[in-house]
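Using the sequences plus the hints, can you model the full thing?
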Amino acid sequence: MYTGNKFKIPPLWGVNTIAYSNEEKAEELAFNLEDQFTIPNIQDSKNDKIVNNEVKKLLRQTPKNDIDPCTPEEVTEAIKITKEKEPGKRCNYERNDTKPAD
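Residue numbering for the sequence shown follows the working numbering, beginning at 145 and increasing consecutively.
There's no promise every hint is true.
Here are the simulated lysine to aspartate or glutamate pairs, EDC-like style, with alpha carbons at most 20 Å apart [said to hold, decoys possible]: (1) Lys150 / Glu168; (2) Lys208 / Glu198; (3) Lys152 / Glu171; (4) Lys150 / Glu178.
None of these hints come from the bench; they were simulated from the model. If you're wondering where the values come from, they're calculated on a predicted model, not measured in any experiment.
As structure tokens, this is what we get:
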């Protein structure tokens, strides 16, 4: 809110209080900025042990490769798209008989 040559900041909701004075507002803004720029503690030693053990188990196993590779024809058939379901701009070259320059 602008009053004359100064901006008047309305009361601010703090963590547990409402800040009315300029000092209280400055303090609440400082707390808010501090909270926003503090890196959260995401370390959990119990979880880290579980993850590390599972990763070690997976790395010790021999990889299973019992899947037959795809043929080029299977890949072509899987990605074939009809003109009605084609993404992007619609270009009907058959009607115009002209193609855009490369």
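Going down the list of hints, with the structure as the test:
1. Lys150 / Glu168: 18 Å, holds
2. Lys208 / Glu198: Roughly 17 Å separates the two Cα atoms, so the pair holds.
3. Lys152 / Glu171: 16 Å, holds
4. Lys150 / Glu178: Given pair Lys150, Glu178 is violated - Cα atoms ~26 Å apart, limit 20 Å.
In this structure, only the earlier hint numbered 4 is contradicted, and the remaining ones agree with it.
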